[in-house]
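Using the numbering used here, you'd call the opening residue of the sequence shown number 74 and step up by one each time.
It cannot be assumed that every hint is accurate.
[Stated by the list, open to error] The following label-pair restraints were derived from C-beta to C-beta distances:
1) Val132 / Met74: 37 to 43 Å
2) Ala167 / Gly226: 46 to 52 Å
3) Leu230 / Met146: 25 to 31 Å
4) Leu183 / Val205: 43 to 49 Å
5) Lys191 / Leu230: 48 to 54 Å
6) Val91 / Thr203: 37 to 43 Å
7) Val95 / Gln204: 40 to 46 Å
8) Ala223 / Ala166: 41 to 47 Å
9) Thr75 / Gln232: 27 to 33 Å
10) Pro151 / Thr203: 48 to 54 Å
11) Val168 / Ala223: 17 to 23 Å
12) Ser231 / Ala184: 49 to 55 Å
13) Ala136 / Phe213: 20 to 26 Å
14) Gly135 / Thr75: 22 to 28 Å
None of these hints come from the bench; they were simulated from the model.
For clarity, every value in this text was computed on a predicted model and none was experimentally measured.
By construction, the Cβ of each residue, glycine as well, lies at the ideal position given by its N, Cα and C atoms.
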Amino acid sequence: MTTALFSVAGAVAVLAAVVVVVSRRIVHAALWLVLALGAVAGCFGALQAEFVALVQILVYVGAIVVLVLFALMLTKAPTNPLPGLTTGRSPFAAVVAAVLALILGTGVVLAFGNEKIKPVTDGSATAIGTQVFKNWVLPFEVLSVLLLAALIGAIALSQRKDSAQHEAQHEKED
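Between the sequences and the hints, there should be enough to build the whole structure, so can you do that?
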């Protein structure tokens with residue numbers, strides 16, 4: 074069952090990635106990228122690496138793709154296809170991509186053969202939580218204090234700038 078789920082998620086990821094590359098509209102490419110990255114998270118989920126799958130969804134789907142979409146909206150970049158940007162090298166690029174896929178696929182088959190995909194135990198939320206809170210408590214706490222100090226510093230700097238601008242505006246009025 075693990076092999077079937079992994080294979081389906083992998084096929085969806087590859088097909089969605091191809092559509093990302095050949096899509097003529099950047100917004101459509103970003104939305105297909107959501108599907109591709111979600112399918113990669115599905116691959117991790119099929120391997121029972123729940124934590125890695127959730128991080129994949131939160132970081133890549135939830136942050137990176139949303140950042141790209143916000144950048145497109147805020148910069149008012151053209152989202153329509155631009156015919157002047159396409160070149161006549163697309164057939165050559167397709168041949169190079171096919172040869173590279175054939176080489177990589179052959180390498181994977183030769184390396185692993187008919188081995189069954191086994192679930193991992195190191196990527197589960199339980200295993201990672203045990204490692205973080207048992208073996209890495211001090212660095213974890215130091216990092217949390219460092220991040221808290223950075224957050225307090227950012228708030229202080231933003232408040233200081235606002236108050237300095239407010240005082241300068243008061244001086245102009247007087």
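Outcome of the hint check:
{"no.": "1", "hint": "Val132 / Met74: 37 to 43 Å", "in the structure": "violated (27 Å)"}
{"no.": "2", "hint": "Ala167 / Gly226: 46 to 52 Å", "in the structure": "holds (50 Å)"}
{"no.": "3", "hint": "Leu230 / Met146: 25 to 31 Å", "in the structure": "holds (27 Å)"}
{"no.": "4", "hint": "Leu183 / Val205: 43 to 49 Å", "in the structure": "violated (37 Å)"}
{"no.": "5", "hint": "Lys191 / Leu230: 48 to 54 Å", "in the structure": "holds (50 Å)"}
{"no.": "6", "hint": "Val91 / Thr203: 37 to 43 Å", "in the structure": "holds (39 Å)"}
{"no.": "7", "hint": "Val95 / Gln204: 40 to 46 Å", "in the structure": "holds (41 Å)"}
{"no.": "8", "hint": "Ala223 / Ala166: 41 to 47 Å", "in the structure": "holds (43 Å)"}
{"no.": "9", "hint": "Thr75 / Gln232: 27 to 33 Å", "in the structure": "violated (53 Å)"}
{"no.": "10", "hint": "Pro151 / Thr203: 48 to 54 Å", "in the structure": "holds (50 Å)"}
{"no.": "11", "hint": "Val168 / Ala223: 17 to 23 Å", "in the structure": "violated (49 Å)"}
{"no.": "12", "hint": "Ser231 / Ala184: 49 to 55 Å", "in the structure": "holds (52 Å)"}
{"no.": "13", "hint": "Ala136 / Phe213: 20 to 26 Å", "in the structure": "holds (21 Å)"}
{"no.": "14", "hint": "Gly135 / Thr75: 22 to 28 Å", "in the structure": "holds (26 Å)"}
The structure fails to meet hints 1, 4, 9, 11 from the earlier list, while all remaining hints are met.
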